[in-house]
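**Student:** Generate the whole structure from the sequences, applying the supplied hints.
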Amino acid sequence: MNPEQSPRRGADRPRERPPEDPEASGAPIGRRLLLGTLGLGAFGVLAAPTLQRGLESLFADDPTGLTGLLPNGGGFRYYSVTSSVPHKDASNYRLTIDGLVDHPRSYTLADLKALPQTRIVHDVQCVTGWRVPGTPFQGVRLSHLLDAAGVQTKGRAIRFTCFDGAYTESLTLQQARRPDILVAHRMQDKPLGHNHGGPVRLYVAPMYFYKSAKWLSGITVTEDVRPGYWEDRGYDVDAWVGRSNGRDDAPTS
Amino acid sequence: MHPRVDDTPTLAAPAPRVRRFSRAERWVHRVTALLMGICVATAACLYLPMFAELVGRRELVVRVHEWAGLMLPVPVLAGLVSRAFRADLGRLNRWGPHDRTWLRAALRRDRRPSSRPAAKFNAGQKTYAAWIAGATLVMLATGLLMWFTHLAPLMWRTSATFVHDWLALTIGVVLAGHIGMALGDPEARRGLRTGSVSREWAKREHPLWRP
Numbered sequence: 001m002n003p004e005q006s007p008r009r010g011a012d013r014p015r016e017r018p019p020e021d022p023e024a025s026g027a028p029i030g031r032r033l034l035l036g037t038l039g040l041g042a043f044g045v046l047a048a049p050t051l052q053r054g055l056e057s058l059f060a061d062d063p064t065g066l067t068g069l070l071p072n073g074g075g076f077r078y079y080s081v082t083s084s085v086p087h088k089d090a091s092n093y094r095l096t097i098d099g100l101v102d103h104p105r106s107y108t109l110a111d112l113k114a115l116p117q118t119r120i121v122h123d124v125q126c127v128t129g130w131r132v133p134g135t136p137f138q139g140v141r142l143s144h145l146l147d148a149a150g151v152q153t154k155g156r157a158i159r160f161t162c163f164d165g166a167y168t169e170s171l172t173l174q175q176a177r178r179p180d181i182l183v184a185h186r187m188q189d190k191p192l193g194h195n196h197g198g199p200v201r202l203y204v205a206p207m208y209f210y211k212s213a214k215w216l217s218g219i220t221v222t223e224d225v226r227p228g229y230w231e232d233r234g235y236d237v238d239a240w241v242g243r244s245n246g247r248d249d250a251p252t253s
Numbered sequence: 001m002h003p004r005v006d007d008t009p010t011l012a013a014p015a016p017r018v019r020r021f022s023r024a025e026r027w028v029h030r031v032t033a034l035l036m037g038i039c040v041a042t043a044a045c046l047y048l049p050m051f052a053e054l055v056g057r058r059e060l061v062v063r064v065h066e067w068a069g070l071m072l073p074v075p076v077l078a079g080l081v082s083r084a085f086r087a088d089l090g091r092l093n094r095w096g097p098h099d100r101t102w103l104r105a106a107l108r109r110d111r112r113p114s115s116r117p118a119a120k121f122n123a124g125q126k127t128y129a130a131w132i133a134g135a136t137l138v139m140l141a142t143g144l145l146m147w148f149t150h151l152a153p154l155m156w157r158t159s160a161t162f163v164h165d166w167l168a169l170t171i172g173v174v175l176a177g178h179i180g181m182a183l184g185d186p187e188a189r190r191g192l193r194t195g196s197v198s199r200e201w202a203k204r205e206h207p208l209w210r211p
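Top line first, the protein sequences correspond to chains F and B.
Going by the UniProt record's numbering, the first residue of the first sequence is number 1, and it counts up by one from there.
Going by the UniProt record's numbering, the first residue of the second sequence is number 1, and it counts up by one from there.
It is worth saying that the hints were derived from the structure and are not from the lab.
Any given hint might turn out to be false.
Among the chain B residues that face chain F by a calculated CB cut under 8 Å, a handful are [as the list claims (entries may be wrong)]:
1) Lys126
2) Ala130
3) Ala133
4) Leu137
5) Thr142
6) Ser159
7) Thr161
Keep in mind the model is a prediction, meaning the values are calculated, not measured.
Don't be surprised by glycine CBs; every beta carbon is placed ideally from N, CA and C.
**Tutor:** What follows is the structure in structure tokens.
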């Protein structure tokens, strides 16, 4: 077939186009491809819940661990709000409890390990969508540390600070006394590594994982809830899994 | 076949150059490439644990990623004031019978120039241009849904994240192919750097092109 355009199709092209240009005519396939890509994207958004469930069951048991590199391939993702986080270990780690308490004090890692231990196995649910099923955490109940410190009657909330120098979190005193909230030093039955917030992090089982502050260094009893780092940036302060941040994930505890 | 021009000593003068891209078109490509590069680099720092651990600063990286993504269509939109750029968009849009021949040859891995007829842009370049434009708009739309979470039902946000994640992976692979092919063709790169290509290259790679 002659690739030159017919005069009819050439008529609506710009006048400066040389008449022998074989690309001056032809079907507008480029536009169709573009619109098709847009349509596929819209279909992807609509079909996402179904597709995501399918992929999750497809990748459910993967001995190679390679699927961890794929989007939503399961497993933890590393989030830090600062450029670098100092490393702490048993020799220099301290957790201080202060504010509206009768007995402010600080704990070493060994002190925390010597207290009664609780092990909890629940799903970890990030507010951005990833979920790590059946993850064991072990440590001291936050309520135990609060009882030992003696919360004064004015104290109604807790503010958590971290040795990354930036991250903060909060809980009401009522929330903080739940038995499924730990000051954790073990995860997945291993000592908590630096990238997971070690040596000690907060673990708030029933809430989205941003409440479980990494690199925990301070517990301060306050009169009112002071919103934490991400809560100043729009996240809900009461971060119950499935009942906050507009999400409907299955609860984690 | 004709003898190649440089086979003949009497014609040893510097091969004539053919104008391929105007200054405006080259700048559209440069700025788009830069913004896309920023999007890919920041995405790596948000996604891949090794880079996330290296860089941290999540709040800042997210802001840079969002703004680079928002700006990504701007060079192309600004380029629309250029007549040469609009004319090339028309060439990328219109497919002739030779494009089908080219695609069939590409699918058969037939590399002979004679079975790969192309005008100013070959069918592969046309496919890439249309797809990456559509993919960029899908990334922009899903990215905005993730950015302004309170504007849309949050079910949409999870779905948008899903599409954004998988399309990002796909774009990464396709972009690597785009860059890989450019690395393998210095004259094509020279075309985008200086605006002109050798007549011999134009004849070989784009025989139907009438510059």
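**Student:** Give a verdict on every hint.
**Tutor:** Structure-based check of each hint:
no. : hint   : result
1   : Lys126 : 6 Å, holds
2   : Ala130 : 4 Å, holds
3   : Ala133 : 5 Å, holds
4   : Leu137 : 6 Å, holds
5   : Thr142 : 7 Å, holds
6   : Ser159 : 3 Å, holds
7   : Thr161 : 5 Å, holds
Consistency with the previously given hints is maintained throughout, with no hint failing.
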